[in-house]
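Colleague: Now for the letters of each chain:
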Amino acid sequence: MGKYIVRRLVISVLTLWLLATASFFLLRVLPGNPFQTEKLLTVEMQQKMIHYYGLDQPMLTQYITYMGNLLHGDMGYSMKFTNRTVNSIITSGFPVSASLGLRSLAVALPIGLFLGILSARKRGKALDYLAVLISVIGVSIPSFIMGTFLQYIFAVQLKILPIAQWKGEAYAVLPTAALALALLASLTRVMRASMLEVTTQDYVKTARAKGLGEGRVVFFHQIRNALVPIVTMLGPMVASVLMGTFVIEKIFAIPGLGQHFVNSITGLDYTVTLGLTIFYGAFLVAANFLVDIAYGLVDPRIRIAK
Amino acid sequence: MRNETIQLPEAAFIPVGLSLSGAENISRPSITFWADVRRRLLKNKVAMLGLWLILLMTLLAVLAPIVSPFSYSYQDLAIINQGPSAAHWFGTDSLGRDIWVRVWVGARVSLAVGIFGSVIPSLIGIIIGGVSGYFGGKIDMLIMRLIDIVMCIPGMIYVILIMLYVGSGPVAIVLAFALTGWMGTARSVRGLVLQLKEREFVLASRTLGASHLRLIFDHLVPNTLGIVVVSMTMGVPSAIFQEAYLSFIGLGIAPPIPSWGQLANAGVAVFRVFPSQLFIPAILISLTMLSFNLFGDGLRDALDPRLRM
Chain A
1 MGKYIVRRLV ISVLTLWLLA TASFFLLRVL PGNPFQTEKL LTVEMQQKMI HYYGLDQPML
61 TQYITYMGNL LHGDMGYSMK FTNRTVNSII TSGFPVSASL GLRSLAVALP IGLFLGILSA
121 RKRGKALDYL AVLISVIGVS IPSFIMGTFL QYIFAVQLKI LPIAQWKGEA YAVLPTAALA
181 LALLASLTRV MRASMLEVTT QDYVKTARAK GLGEGRVVFF HQIRNALVPI VTMLGPMVAS
241 VLMGTFVIEK IFAIPGLGQH FVNSITGLDY TVTLGLTIFY GAFLVAANFL VDIAYGLVDP
301 RIRIAK
Chain B
1 MRNETIQLPE AAFIPVGLSL SGAENISRPS ITFWADVRRR LLKNKVAMLG LWLILLMTLL
61 AVLAPIVSPF SYSYQDLAII NQGPSAAHWF GTDSLGRDIW VRVWVGARVS LAVGIFGSVI
121 PSLIGIIIGG VSGYFGGKID MLIMRLIDIV MCIPGMIYVI LIMLYVGSGP VAIVLAFALT
181 GWMGTARSVR GLVLQLKERE FVLASRTLGA SHLRLIFDHL VPNTLGIVVV SMTMGVPSAI
241 FQEAYLSFIG LGIAPPIPSW GQLANAGVAV FRVFPSQLFI PAILISLTML SFNLFGDGLR
301 DALDPRLRM
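In order, the protein sequence lines correspond to chains A and B.
At position 185 of the first sequence the residue is numbered 185 (my numbering), and the sequence of numbers has no breaks.
At position 50 of the second sequence the residue is numbered 50 (my numbering), and the sequence of numbers has no breaks.
Please keep in mind that the hints were generated in silico from the structure rather than gathered at the bench.
Heads up, a few of these hints could be off.
[Unchecked claim] Just some of the chain B residues that point at chain A, by a computed CB distance under 10 Å:
id	residue
1	Met151
2	Tyr158
3	Leu164
4	Ile240
5	Gly261
All C-beta atoms in this analysis are idealised placements derived from N, C-alpha and C, irrespective of residue type, glycine included.
Model the full structure from these sequences, guided by the hints.
Modeller: This is the structure we're talking about:
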């Protein structure tokens, strides 16, 4: 297990380095510069800004400087917001994105697992079809469409919930629901398939043959084993949800990281795009790392195999 | 107890005769694997509903813009933001353009991006996965580690960066999907090829002197097509979704060419007043994704050998 963890750590660090390097050079070869779009700046002023931010130095020098700073946890200054560091953008935006993400996960996870289990237990019955219908529809309606539908129904027509912004509990209801439905749908699908597969396994028959009660068989033999694929998908899911779904944040005008990411890309704000990409990548890599370790806890067979 | 048996004359028996060739005769036409799959798929009503919806949308996407008297870019500022009417079936948008035509021109873009954006990455994945699994050793090790690393990085970030580089438009999006979407397929094809290459039919073919290329693409890859076809079908809605998503945040297809995501984005701007401008593209995106998901589910059930028992 120790050797395995070390190997995974090396791969994770390598991944992050590759991501940072690739994104750095990909961004710099784009045509244009961050100061071009501001109409008030003359070409001369633009040159001064470019010099000020060190963008006129050789690419390799910039790269080495950036990576050096990155190792100290410093991601530089935004080129659009005066006097804001990328770090401060992350510390102000991330809690908002994370809070929205955690809310929707907290809603989606129990309901999704419950529906999946229920649907597999009642296979072919009306309840199963209902759960399958919910999950297929949830997977098929993109979250940004769900979000605007919810806004239209609950904010424009019924006027019972605020339409956008982020000022309190009531404001969180609609975006959470929009995000949760998509998560819930895919969780239900995976859990149902996984439960159905587990049900036909020999050890479940053995457990029944030994005379175990139905509850024990379901909880300790079926669900525990059926959770393995859920754990696999949970890693990337948690990461992407905590980082904030860009579109949901855009629709509901939520001041999370997603907005900053999209705006920085369209405005060529190199440092912000790069910083958020690396932050997101690090988050995802960490989540995958934890998932692999969690595997061992859920399924001892994997622990032994490693 | 009477010990009398029924006497049958020997002449009552006619020798049937033993014919080896007769016993081995196949009395019914044999059903190939794919014919079997097709038969099961045709029986699945939900999957067929999905297929019919897909065909209907494709037909409308091809024909509707040709038949309609309006063009997708013609602006008539006298009739902006109208509701559905006899002349403009889905109404007009904020520049007085006919939404019915725009929606179906958008369908061409969205469906094409969805299909090519799923098929091309899968083909790349098949080739890389096939080669990697067949040759094994160092090549395999190298490719698999590369995939491990690249798969850790959220695909959307790469797609956005590549789109910035190659520009916006349907071709750019498909290119970005092609560069980022092949890893999953490559992984599963490689896994299957690893199992299959030890089988007798491969050995037989190798003994007969088949080349590496022939072994990979004539013998191994066709045997992995089942799962690839399913993942390709499931990839279409996700490509359509990603295109809509990108266009929605303003990074995808650039105006004036419409796509569903872009139409939805335009609809959001006015949806408090004219909700139909958002709901029409939104419903079409969802319906298309639903159809492909239903069809893909049916296809998977038809192909999964475990359900055949």
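Colleague: Close enough to count: is the Cβ of Tyr158 (chain B) nearer than 10 Å to one in chain A?
Modeller: holds (8 Å)
Colleague: Was the hint right that Gly261 (chain B) lines chain A, CB cutoff 10 Å?
Modeller: Holds - the Cβ of Gly261 (chain B) comes within 10 Å of chain A, reaching about 9 Å at its closest.
Colleague: For the hint on Leu164 (chain B), just tell me whether its beta-carbon gets within less than 10 Å of chain A.
Modeller: At 5 Å from the nearest chain A Cβ, Leu164 (chain B) passes the 10 Å test, so the hint holds.
Colleague: Holds or violated: the hint that Ile240 (chain B) contacts chain A, with Cβ atoms closer than 10 Å.
Modeller: Holds. Min distance 9 Å.
Colleague: Double-check Met151 (chain B) for me: the hint is only fine if its C-beta lies closer than 10 Å to a C-beta in chain A.
Modeller: Check passed: Cβ of Met151 (chain B) comes within 9 Å of chain A, closer than 10 Å.
In the structure shown, no violation is registered for any of the earlier numbered hints.
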